[in-house]
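Trainee: Same order as they appear, the protein sequences are chains A and B.
Note that numbering that gives the first Met the number 0 numbers the first sequence so that position 121 is 120, with each residue one more than the last.
Note that numbering that gives the first Met the number 0 numbers the second sequence so that position 76 is 75, with each residue one more than the last.
Calculated directly from the structure, the hints in this document are not laboratory data.
These figures come from a predicted structure and were not determined experimentally.
A virtual CB, placed ideally from N, CA and C, is assigned to each residue, including glycine.
Keep in mind that the hints are not guaranteed to be accurate.
[Claimed, not checked] Selected chain B positions facing chain A (Cβ under 8 Å, derived; list incomplete):
#  : residue
1  : V9
2  : A10
3  : I13
4  : I14
5  : P16
6  : V19
7  : A21
8  : E48
9  : S51
10 : W52
11 : A53
12 : V57
13 : Y60
[To be verified] If you want the ones that stay clear, here's a sample from chain A, every Cβ over 12 Å from chain B, calculated:
#  : residue
14 : Q2
15 : F11
16 : E33
17 : F43
18 : Q67
19 : R68
20 : S147
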Amino acid sequence: MIQITREERHWFLENVARALVEYSGAAEPPVPIEAILDHPPEVFHEDFGVVDMYSNLWDATFARPPGQRGSIFVRVDLGETARRHALARETLSALITSKHGRDIGLPDLLMSELKESASYFASILLAPNAFVDAYRAQGGSEELFAESFLLPVEVAESRW
Amino acid sequence: MSMQSLNQLVARSIIDPGVVQAFRAGRIGDVLGEVGFTPDLQAQLTGIECDSWAEFAVISYRHVRAAEAQAPRLQFPSPLEGLLSAESQAGQEQVA
Numbered sequence: 000m001i002q003i004t005r006e007e008r009h010w011f012l013e014n015v016a017r018a019l020v021e022y023s024g025a026a027e028p029p030v031p032i033e034a035i036l037d038h039p040p041e042v043f044h045e046d047f048g049v050v051d052m053y054s055n056l057w058d059a060t061f062a063r064p065p066g067q068r069g070s071i072f073v074r075v076d077l078g079e080t081a082r083r084h085a086l087a088r089e090t091l092s093a094l095i096t097s098k099h100g101r102d103i104g105l106p107d108l109l110m111s112e113l114k115e116s117a118s119y120f121a122s123i124l125l126a127p128n129a130f131v132d133a134y135r136a137q138g139g140s141e142e143l144f145a146e147s148f149l150l151p152v153e154v155a156e157s158r159w
Numbered sequence: 000m001s002m003q004s005l006n007q008l009v010a011r012s013i014i015d016p017g018v019v020q021a022f023r024a025g026r027i028g029d030v031l032g033e034v035g036f037t038p039d040l041q042a043q044l045t046g047i048e049c050d051s052w053a054e055f056a057v058i059s060y061r062h063v064r065a066a067e068a069q070a071p072r073l074q075f076p077s078p079l080e081g082l083l084s085a086e087s088q089a090g091q092e093q094v095a
């Protein structure tokens, strides 16, 4: 595998996120992350699922039991913005480990920097550049940005 | 336009297995022709040899960025300078 820069990795992740947002048909925030996971593109039907769980160990984690559909196991008591961000973050693991993701070559490209990649992917999936640009152009305020996009405050600050 | 085309192609490849299938079958040139790259760039991208579609995408990104950096840009005069050349402006000042 070739060496890639952080900027190249981010560019690639932006296009991955863009594919899912365009597929969802969303034209404005908030991005319907739960709907994307409930009704994924056909190529990911065996890879996207959400299972609510009681857990004190983590907010969400992706797992793919052998021979079964992959699912994001998410803490049932998370607040809305934390839940959306955790689901968006774990969606990258679902993509990377899917058959189509492996066919594309996602593991070689992203696994070595998975944590940073997942964090960046979640922020760009929930606040795509096109939506942020449109929000600004329409005079949207920084104060209402997190609320409009249903983002955790720290993620909103990084995307503003 | 070329970076926009590449972005569209990479995004499409995430949900459309046909793109990766074409790449693996050595038919990526056909797909590139549909997207709207310039003939030069299309020839460069078709010639890329690599192990995976993701790798192809990143190398293509480098080619497109390099091509866009080399593309001639339109140069407009600064509004501070106006449309007259420095020589003719100096001439006007002398007349005034």
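Trainee: Among the hints numbered above, which are violated by the structure, and what are their numbers in rising order?
Mentor: 7, 8, 14, 15, 17
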